[in-house]
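S.K.: Keeping their order, the protein sequence lines are chains C and R. If you want this note's numbering, it's the 1-based position in the first sequence plus 3. If you want this note's numbering, it's the 1-based position in the second sequence plus 6.
Possibly wrong hints are sitting among the right ones.
Claimed, not checked - No more than 20 Å apart at the CA atoms, straight line, and that leaves these computed lysine to aspartate or glutamate pairs for EDC-like:
no., chain 1, residue 1, chain 2, residue 2
1, R, K26, C, D296
2, R, K26, C, D183
3, C, K126, C, E169
4, R, K26, C, D107
5, C, K125, C, E112
6, C, K248, C, E287
7, R, K191, C, E287
8, C, K271, C, D239
9, C, K216, C, D296
10, R, K325, R, E97
11, C, K125, C, E111
12, C, K216, C, E255
13, R, K191, C, D176
14, C, K248, C, E215
15, C, K271, C, E301
16, C, K286, C, E301
17, R, K26, C, D151
18, C, K125, C, E169
If you're looking for bench data, these hints aren't it; they were derived computationally from the structure.
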Amino acid sequence: MAEIEGGKDFAGTRGVPAVSARGISKSFGRQRVLDELSVEIPSGLTYCLLGPNGSGKTTFIRAVVGLLRLDGGDLQVLGRPVGEVARLYPRIGYMTQHKALYPDLTVEENMEFYAGLYSLTKKVREERMEELLRMVELSAHRSRLAGDLSGGMYQRLSLACTLIHEPELLLLDEPTVGVDPRVRQTFWEYFNRMAEEGKTVLITTHLMDEAEKCQRVGYMRAGRMAAEGSPEEILDKAGLQPILKLWLAGPEDGAALLSRQGYPAAVKEGAVLVGLEYRGQVKEILALVEPLDMRLVEPRLEEAFLLLAEGQ
Amino acid sequence: MSPSPARMGVVALRVVRQLKRDRRTIGLILFAPIMLMILFGYALSGEMSGINIGMVDGGGHQLLRAHLESMSDFDILHLGSESDAERLIAEGRLDGAVVLQEESLRVLLDASSPQISDAIAAAVQAGAAGGMATKAGGRAITPVTRRYIFGYDLEMIDTIGPAVLGLVIFFFAFIVAAISFLREKTLGTLEKFMVSPLSRGEIISGYILGFSMVAILQSATTLLIVVFAFGVPMRGSPIIAFAVILMLGAGALALGSFVSNFARSEFQVVQFIPVVIIPQIVLCGVFWPVQSVPEFLRPISYVLPLTYASDALREIMLKGAGLADILYPDLLALAAFFAITLAAATLMLRREVG
Chain C
4 MAEIEGGKDF
14 AGTRGVPAVS
24 ARGISKSFGR
34 QRVLDELSVE
44 IPSGLTYCLL
54 GPNGSGKTTF
64 IRAVVGLLRL
74 DGGDLQVLGR
84 PVGEVARLYP
94 RIGYMTQHKA
104 LYPDLTVEEN
114 MEFYAGLYSL
124 TKKVREERME
134 ELLRMVELSA
144 HRSRLAGDLS
154 GGMYQRLSLA
164 CTLIHEPELL
174 LLDEPTVGVD
184 PRVRQTFWEY
194 FNRMAEEGKT
204 VLITTHLMDE
214 AEKCQRVGYM
224 RAGRMAAEGS
234 PEEILDKAGL
244 QPILKLWLAG
254 PEDGAALLSR
264 QGYPAAVKEG
274 AVLVGLEYRG
284 QVKEILALVE
294 PLDMRLVEPR
304 LEEAFLLLAE
314 GQ
Chain R
7 MSPSPARMGV
17 VALRVVRQLK
27 RDRRTIGLIL
37 FAPIMLMILF
47 GYALSGEMSG
57 INIGMVDGGG
67 HQLLRAHLES
77 MSDFDILHLG
87 SESDAERLIA
97 EGRLDGAVVL
107 QEESLRVLLD
117 ASSPQISDAI
127 AAAVQAGAAG
137 GMATKAGGRA
147 ITPVTRRYIF
157 GYDLEMIDTI
167 GPAVLGLVIF
177 FFAFIVAAIS
187 FLREKTLGTL
197 EKFMVSPLSR
207 GEIISGYILG
217 FSMVAILQSA
227 TTLLIVVFAF
237 GVPMRGSPII
247 AFAVILMLGA
257 GALALGSFVS
267 NFARSEFQVV
277 QFIPVVIIPQ
287 IVLCGVFWPV
297 QSVPEFLRPI
307 SYVLPLTYAS
317 DALREIMLKG
327 AGLADILYPD
337 LLALAAFFAI
347 TLAAATLMLR
357 REVG
């Protein structure tokens with residue numbers, strides 16, 4: 004095998020997509036898990052692969068790190084064909100759904116072990132360990148056995164071990180399962196900072212609120228990319244706009260009035276729902292009717308995805 | 007990727023760290039062999055009961071054969087050749103042997119135990135005389151030739167001890183490697199290694215290196231027990247004996263890593279133990295000589311590492327053999343076994359991911 008390419012300047016790969024897949028397929032037996040999937044994941048941002056269980060998210064990630072042989076299609080990782088991905092391992096961080104820790108080693112020993120695999124010098128290792136232990140809030144537990152940690156702490160340690168060598172492409176398979184919301188927030192701040200530094204963070208999740216935190220989202224279904232873009236773009240594509248919900252003294256009359264003025268309006272459960280094209284329309288509508296109460300209802304990404312996926 | 011001893015060392019260090027913390031496993035690795043050796047030692051330390059004679063059957067002499075077989079004191083081992091018989095007598099594993107041929111009858115006797123030799127000679131004489139009496143006269147009397155060979159007057163533990171030592175080391179190294187390698191899979195760490203600069207060769211070698219530290223301790227204590235507690239002779243160099251044990255242990259570690267690929271749980275690994283261990287007990291000349299294994303099974307004996315390890319250990323400990331004496335085939339065979347299982351374990355790791 005060829006030499007490892009370590010410590011290469013990020014500028015070398017900036018502009019090149021972190022991952023680029025064209026029509027990749029993979030079957031296990033008769034089950035087609037990736038079905039001519041195409042997606043481009045630009046470098047330097049946080050990207051979320053969203054989708055129900057069994058939609059092929061984990062398989063895609065395993066293909067990216069070279070753990071699967073694809074049946075067909077073209078897959079490039081950091082600008083190189085996936086066949087050469089082994090050379091890129093020093094630049095890739097991979098966290099599986101298994102936590103991949105040794106319960107009978109301490110927090111520190113686990114981190115030292117992974118640092119050793121990447122041949123970090125003692126000085127770099129110590130610095131990285133300090134920083135990461137602080138980030139995952141485990142500084143006070145460094146001498147505890149990993150096996151004695153709570154589920155959330157275990158998960159945090161696993162992330163810290165994955166980040167020990169400052170990977171430029173970070174692949175995280177369901178990284179926030181079991182992590183409490185406050186620490187989850189810290190994770191996201193860290194991921195965003197990594198993206199600002201030009202690194203790429205690819206995360207799989209089945210949770211919508213996670214996906215909303217990413218700069219780009221790909222919605223996978225049955226081994227294909229059902230929808231792809233920034234969360235806002237996805238909402239746009241689905242054609243869902245904010246909805247104004249009005250409680251009027253005479254809902255039927257109000258709805259009729261608004262309809263005559265050209266606003267799509269309907270009565271539902273005693274309230275009038277008005278579809279908006281832009282938010283500024285709220286003012287115009289308030290000039291026509293006098294609501295007892297009103298609320299602006301944001302369409303949900305989840306609904307957008309469902310609509311888009313149904314449309315396929 | 008060029009192999010890095012440093013990364014291998016990282017894996018080895020981790021294995022040692024884990025073991026240091028796992029007192030129960032340390033206990034198992036160090037004390038279980040001692041216990042087993044003590045058990046074997048006491049069970050086998052009595053003088054051999056019964057008289058073990060070998061028989062090389064070249065035809066004829068049916069009555070003599072029947073006579074010897076009818077004697078309850080005699081345990082008869084059927085051998086392929088006279089030289090096998092000589093060797094086993096020299097090693098103290100047989101008290102004597104009869105070589106039957108159409109036209110002749112030879113008795114090989116162990117000169118170091120005269121009472122037993124006399125008993126054998128008398129029995130053969132009686133059996134042969136009986137045979138002659140019934141012969142229709144005229145034909146020449148078959149000559150009975152006696153040959154004396156100087157064997158050891160050994161206790162059973164002396165001859166079996168070295169082989170059991172190998173067996174015990176093999177057994178524990180195999181289990182420990184198979185189970186802990188499987189754990190790498192279930193913990194998910196193996197998959198993570200695959201996506202790190204650590205190469206497959208480094209994973210396996212690092213593993214074996216780490217466990218070798220334990221194997222060294224284990225071999226040393228077990229060897230000491232065999233020699234000091236049970237007085238099994240150590241006529242050759244203890245260092246060479248030690249090296250043989252370690253080579254066998256390394257092969258067992260590699261085999262364990264290889265086999266763990268076929269198991270999905272620790273429960274399944276345990277089921278591999280009899281499959282791997284029992285053939286070696288039966289076919290590798292631990293308790294009875296390889297020569298007594300039926301010929302169609304013998305090719306299996308010759309691919310199993312314990313055959314060579316127990317032979318080498320006996321040669322070193324009982325006969326004082328040096329490095330040159332056991333180099334071929336024993337040491338070479340052990341080295342080949344290690345190389346093949348190491349390669350198989352490494353390749354298997356590759357395929358697993360394929």
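S.K.: Can you name, in rising order, the numbers of the hints this structure does not satisfy?
M.R.: 1, 2, 7, 8, 9, 12, 14
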